[in-house]
Every structure is written in structure tokens, then in C-alpha cells.
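Visitor: Protein chains in written order, with full-length UniProt numbering: chain G, 1 to 206; chain W, 1 to 206.
Keep in mind that the hints were calculated from the coordinates and are not lab data. Since we're looking at a predicted model, the values are computed, not measured. Take these hints with a grain of salt, some might be off.
No distinction is drawn between identical chains; accordingly, a pair holds when it is met within one copy or between any pair of copies.
[To be verified] In silico DSSO-like links for lysine-lysine, alpha-carbon gap of 27 Å or less: (1) K102 x K85; (2) K85 x K34; (3) K172 x K115; (4) K8 x K102; (5) K119 x K9.
Protein chains: 2
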Amino acid sequence: MRLSLAEKKIEVQLVEERYWVGDADFLRRNPAGKVPVLKMGGEIYTESSAICEYLEERFPEPRLLPQDAQARYEVRRLVSWFDDKFHHEVTANLLYERVNRKIHGSGYPVAANVKAGAKAIKFHLDYMNWLLDNRRWLAGDEMSLADFAAAAQLSALDYICDVDWNRSAAVKDWYATMKSRPAFRSILADNVPGFPPPHHYANLDF
Amino acid sequence: MRLSLAEKKIEVQLVEERYWVGDADFLRRNPAGKVPVLKMGGEIYTESSAICEYLEERFPEPRLLPQDAQARYEVRRLVSWFDDKFHHEVTANLLYERVNRKIHGSGYPVAANVKAGAKAIKFHLDYMNWLLDNRRWLAGDEMSLADFAAAAQLSALDYICDVDWNRSAAVKDWYATMKSRPAFRSILADNVPGFPPPHHYANLDF
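Could you build the full structure based on these sequences and the hints that come with them?
Guide: Here is the structure:
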């Protein structure tokens, strides 16, 4: 969602939400109790995929969803793939176990989860490699929301050095291109207190 | 997705996928290893929300997404709410613990999960009651994908008698209307082997 906003040059102010505390003020803004929350023109928007579709309809340039129905389907399929499947199998097992637990004070990483995440990321990188073998971008010949959904997951994992960039030259090249986009600057400037990013994280030549 | 297909009068043949076995033939059709899978015109479609958007674009009548961007956002927000949040907090805790475990032979229900699900469904029914207090349908003044997403979760829970229809007259009235739609017939005819539906399940006057 941040990448989509940045690509469309919609300026936003990022506010940290301590969503795990579940305070009443935050729950009033968003009854789902989740991040991200977008506030725009006095309205409050939640649920990442619904927000991205809305931004696409309200601010169609540059286009992040193709115009052909079949091609749009493929973008949305891959957005779900990365937001749900990749997130659940990889990001939740690696990032949440290693970082979020420490921030929220909810104990040590569960070794079995970290192991499952480390195994799953290989499968996912191979799947991306297969897609990029046949296409210029993940969902087809044009950059789309699918590339942003994938890059958002990978950048979070790269922050904790959990991506083996030697596994696929195609994936590495694709990520280098994503990283060099102006929309990516704010992601690369992220800094989680207590977890400084590794040297290569923001480096375009990694 | 079944409701969306039925509402648009697209005939499909339902095929049981024993997805939990993970056989190679099924994984070839759908690398995500999940249901539902739609086969149409020689193409294979996966990921429920991507399929519903595709059906909406290819077969726009009857319309299940409004035309105004703000109204479309609200439909999509609620589809995510029911597909993700409601499913995760309620359906996974009640239906998956009580029924799927038995079918897959993966042990007894975990009591803590069933308890969490029973608590969460009250919160969700109250939220639906609040929505329906202000609107004719869940997402606004027209029936939409949001109503189908919610009814799909509730019908599965009603099958195992886990919905307290006395909690909200507004929700009960709304569900009675949904049940009486021709699109709902196939859902009401569902029969899980070993788990016969209760008498009231298919009854329009429940």
C-alpha cells in the first residue's frame, strides 16, 4: 500500500500504530484492529487490498492494474499469493518470530516456525524465478500491484538478512529494479528501533 | 465464489478436491494447494477474491460491486473482513476444529480454539447488527459480494449449529433473505459425509 501510494505520488504521513496494545482510540479508527490504516479526505480506510483497489480507481495514473480482465485476474491472484500465502508461510514464520516477538515482549522465537519459514522461502523464490523466466514482471509484461506485494514481503525479510539472493539471478535482478524505483525510497529508509538494518538493505548494488 | 457464480447464472460442476492430501495432480492444477479452484474455458482460476473480481468484470450482470469508488471500497473492505478476519477468528476455530479435524483424521478439537471461536462470533454478529442498523445490506443499499462473503461463512457455521440467531433480529432477517435467493440453493443442499445437516439448516423459516 505504501508503494502504491508512493508510485502514484500521493503524499502521506506515516504514523506508528502500536496495534498490538489494542487501545480504544486505535480500535475506534479501525474496528479490525489491524494495520495499515489510511486516513484521506476525512475518511478512514483499512484492509490493504481494498485500499489498493480504491487508490487504483481514484488515482488511475500510473496504472498498477492492467486493463484486460484476464491480466487483471493474474495480478490479483498474485497479490493474494504474496499477501496471504507468502506472508503466512514465510514472513509470519521468520519476521514475526524473530522481530515482532521481541518488540511485543512475547517470548523467544519458536524454532519449528523459523525452520518452516526458512524452508518455505526457498519454494517461493523458486516460484518467482519460474514466473520471471516467462515474464518481464511477476504478473505479466507490465509492472503491477503484484510486484509491489512481493517486494513488500521481500524487503521486510531482507531487513533481517533472510533472503538468499544467490538462489535466483532473475529474482535478484527484479528486486534490484524494484529497489531503484523512487517509490521504494521510503521502504529503504525504514529503521526498526533496536534492529538496525544490515549494510546491504538500502544498497542498490547488493 | 459459488454464490457469485450462481447469482450470475454461470453453471458449474462441483468437484470435491481432497486438498489436504496434497496429491501431485491437484498441485499441478493449483500450486497454492488451496481450494476453491475454478476451471473455465480451459483456464484455471484460484484465489477466491481474485476469481470474484474476474467474474464481476467478465459477467457484469447482475452487478455485485457498486459503481462508485467509495462504495466499491466498502464492499471490498467487508469481503476481506469476512474472508480473513471472520474466517480466521470464527470459522477456523469452530468449523475446522469440530469438522475438518475429524474428516482429515488430525485429532480432537482444541478446546481453547473452540472457546475463542464461540466468543468471537458474538462480536462479529454484533458488528453485523450494527452495520444492518444503518444499511439495507451489509455494505450499503445494494446487495453485494460482501453479503455473499458473510453468508458463506455463516451458512458453514449454521450447518454445525454454531450461530445464535436470537442474538440479532436484523442479522436473522438479513440471513433469511439471503437464504431465499435461488443462488443459495446449492449451498443449502450441501451435505458433509458423516455430518448430516440439522433440520433448520435448509429451512427458510428458521
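Visitor: If a hint holds in the structure, say so; if it does not, say that too.
Guide: Comparing the hints with the structure gives:
1. For the identical chains of this complex, K102 and K85 are neighbours both inside a copy (24 Å) and across copies (24 Å), given an alpha-carbon limit of 27 Å.
2. Taking identical chains as interchangeable, the C-alpha atoms of K85 and K34 lie at most 27 Å apart whether they share a chain (18 Å) or sit on different chains (10 Å).
3. In the homo-oligomer, the alpha carbons of K172 and K115 lie at most 27 Å apart inside one protomer (23 Å), although the nearest pairing across protomers, at 45 Å, exceeds that limit.
4. For a Cα distance limit of 27 Å, the shortest separation of K8 from K102 qualifies neither inside one copy, at 34 Å, nor across copies, at 49 Å.
5. In the homo-oligomer, the alpha carbons of K119 and K9 never lie at most 27 Å apart, since the shortest distance is 37 Å inside one protomer and 43 Å across protomers.
Figure legend: structure checked against the earlier numbered hints; hints not met, in rising order: 4 and 5.
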